[in-house]
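Visitor: Protein sequences, first through last, are from chains A and B.
Convert by adding 247 to the 1-based position in the first sequence; the result is the number in my numbering.
Convert by adding 8 to the 1-based position in the second sequence; the result is the number in my numbering.
Fair warning: there could be bad hints in the mix.
[Said to hold, decoys possible] Calculated lysine-lysine pairs in the DSSO-like style (CA-CA distance at most 30 Å, straight line):
| no. | chain 1 | residue 1 | chain 2 | residue 2 |
| --- | --- | --- | --- | --- |
| 1 | B | 57 | A | 304 |
| 2 | B | 76 | A | 343 |
| 3 | A | 258 | A | 304 |
| 4 | B | 57 | B | 76 |
| 5 | A | 343 | A | 304 |
| 6 | A | 343 | B | 57 |
| 7 | A | 318 | A | 304 |
| 8 | B | 69 | B | 57 |
| 9 | A | 304 | B | 69 |
| 10 | A | 343 | A | 318 |
| 11 | A | 304 | A | 261 |
| 12 | A | 261 | A | 343 |
[Claimed, not checked] Facing chain B, a subset of chain A residues (Cβ under 8 Å, in silico):
| no. | residue |
| --- | --- |
| 13 | 287 |
| 14 | 288 |
| 15 | 289 |
| 16 | 300 |
| 17 | 312 |
| 18 | 315 |
| 19 | 351 |
| 20 | 353 |
| 21 | 356 |
[As the list claims (entries may be wrong)] Beyond 12 Å from chain B on every Cβ pair, some chain A residues (computed):
| no. | residue |
| --- | --- |
| 22 | 259 |
| 23 | 266 |
| 24 | 297 |
| 25 | 318 |
| 26 | 349 |
The hints are simulated quantities; they were obtained by calculation from the structure and are not laboratory data.
On a predicted model such as this, the values are computed, not experimentally measured, just so you know.
For every residue, glycine included, the Cβ atom is placed at its ideal position computed from N, Cα and C.
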Amino acid sequence: DTGVSQDPRHKITKRGQNVTFRCDPISEHNRLYWYRQTLGQGPEFLTYFQNEAQLEKSRLLSDRFSAERPKGSFSTLEIQRTEQGDSAMYLCASSKDLSGYNEQFFGPGTRLTVL
Amino acid sequence: AQSVTQPDIHITVSEGASLELRCNYSYGATPYLFWYVQSPGQGLQLLLKYFSGDTLVQGIKGFEAEFKRSQSSFNLRKPSVHWSDAAEYFCAVGARGSARQLTFGSGTQLTVLP
Numbered sequence: 248d249t250g251v252s253q254d255p256r257h258k259i260t261k262r263g264q265n266v267t268f269r270c271d272p273i274s275e276h277n278r279l280y281w282y283r284q285t286l287g288q289g290p291e292f293l294t295y296f297q298n299e300a301q302l303e304k305s306r307l308l309s310d311r312f313s314a315e316r317p318k319g320s321f322s323t324l325e326i327q328r329t330e331q332g333d334s335a336m337y338l339c340a341s342s343k344d345l346s347g348y349n350e351q352f353f354g355p356g357t358r359l360t361v362l
Numbered sequence: 009a010q011s012v013t014q015p016d017i018h019i020t021v022s023e024g025a026s027l028e029l030r031c032n033y034s035y036g037a038t039p040y041l042f043w044y045v046q047s048p049g050q051g052l053q054l055l056l057k058y059f060s061g062d063t064l065v066q067g068i069k070g071f072e073a074e075f076k077r078s079q080s081s082f083n084l085r086k087p088s089v090h091w092s093d094a095a096e097y098f099c100a101v102g103a104r105g106s107a108r109q110l111t112f113g114s115g116t117q118l119t120v121l122p
């Protein structure tokens, strides 16, 4: 069990550029979550997948954001036409889909800085 | 909608002293409650969780938390703090809907003095 991994760990981009982040969940986990964490705040839910299906999206996820999980394994989060307000830590988490509530395991995050 | 309040932005304690971090939640039903710890450059690590049953829950690294329904609180405690406990601590409530996403508080930064 290698845990949840995210790539890259850091990304610096200029305003208006597109960026894409990758998350590799724990292998047997079929639920995958994206959260965003800004400085001095707790993580905020963005979206989640069950297998390859994106089942819920937060109002925080504007039209410039898109997430995919094409084969129910890794996921990508793309931000188009980045803005300075997009600067944040983007966290991925995964869990098993069992009855009841199951622990979400978090990755180390991708820190995005938009200049 | 659910919400979590952590009233203390920053707490400083001496090594060996006891610790209590406060957490208040708002949720319309019996909540799922969690405490996570985040060290610089690290992801969030689960310390403990409450789903039901015994209101005093034990976690890793010597932490415990008590669920008090009447006060809508889930405070985190440790009897003797170690320098390695310095980190940011987040309380979270889990939704009971299909997404089961977590709603986090804004965190408490813990500094441990030698």
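Visitor: All the hints need checking, so say for each whether the structure fits it.
Guide: Hints versus structure:
Only pairs whose Cα atoms come within 30 Å are accepted, and residue 57/B paired with residue 304/A is accepted, the gap being roughly 25 Å. For a cut-off of 30 Å, the pair hint linking residue 76/B to residue 343/A stands: about 28 Å separates their Cα positions. Simply put, residue 258/A and residue 304/A have alpha-carbon atoms about 24 Å apart, close enough for the 30 Å limit, and the pair holds. At roughly 14 Å between alpha-carbon atoms, residue 57/B and residue 76/B fall within 30 Å of each other, so this suggested pair holds.
Between residue 343/A and residue 304/A the alpha-carbon distance is near 19 Å, which keeps this suggested pair within the 30 Å criterion. Under the criterion of a C-alpha separation no larger than 30 Å, the hint pairing residue 343/A with residue 57/B is consistent with the structure, at around 16 Å. With a C-alpha separation of about 19 Å, the suggested pair residue 318/A and residue 304/A falls inside the 30 Å cut-off, and the hint holds. Annotation: proposed proximity of residue 69/B to residue 57/B holds, straight-line Cα distance about 14 Å (limit 30 Å).
At roughly 34 Å between alpha-carbon atoms, residue 304/A and residue 69/B are farther apart than 30 Å, so this suggested pair is violated. The hinted pair formed by residue 343/A and residue 318/A meets the criterion: a straight-line CA distance of about 16 Å does not exceed 30 Å. Restraint check: the Cα-Cα separation between residue 304/A and residue 261/A comes to about 26 Å, which is no more than 30 Å; the hinted pair holds. Of the pairs offered as hints, the one joining residue 261/A and residue 343/A is violated, with about 37 Å between alpha carbons and a cut-off of 30 Å exceeded.
Interface hint at residue 287/A: satisfied, since its Cβ lies 7 Å from the closest Cβ of chain B, which is below the 8 Å cut-off. Nearest Cβ of chain B to the Cβ of residue 288/A: about 5 Å, under the 8 Å cut. The hint holds. Proximity of residue 289/A to chain B holds as hinted, the smallest CB-CB distance being about 3 Å (cut-off 8 Å). For residue 300/A, the suggested interface contact is broken, since its CB lies about 11 Å from the closest CB of chain B, more than 8 Å.
About 16 Å separates the beta-carbon of residue 312/A from the nearest beta-carbon of chain B, more than 8 Å, and the hint is not met. The restraint placing residue 315/A at the interface with chain B is violated, with a minimum CB-CB distance near 17 Å, outside the 8 Å limit. The interface hint given for residue 351/A is met, as the beta carbon of that residue sits about 6 Å from the closest beta carbon of chain B, less than 8 Å. Checking residue 353/A against chain B: minimum C-beta separation of about 4 Å stays under 8 Å; hint holds.
Look at residue 356/A: its Cβ gets to within about 6 Å of chain B, closer than 8 Å, so that hint holds up. Distance check on residue 259/A: its Cβ is at least 17 Å (rounded) from any Cβ of chain B, clearing the 12 Å threshold; non-interface status holds. Listed as a non-interface residue, residue 266/A keeps its Cβ farther than 12 Å from every Cβ of chain B; the least gap is roughly 20 Å. Remark: the non-interface label on residue 297/A conflicts with the geometry, its nearest Cβ contact in chain B lying 8 Å away (cut-off 12 Å).
Residue placement check: residue 318/A keeps its beta carbon more than 12 Å from all beta carbons of chain B (closest about 21 Å). With a least beta-carbon separation of about 8 Å from chain B, residue 349/A fails to lie farther than 12 Å from that chain, contradicting its non-interface assignment.
The structure fails hints 9, 12, 16, 17, 18, 24 and 26 (numbered hints given earlier, in ascending order).
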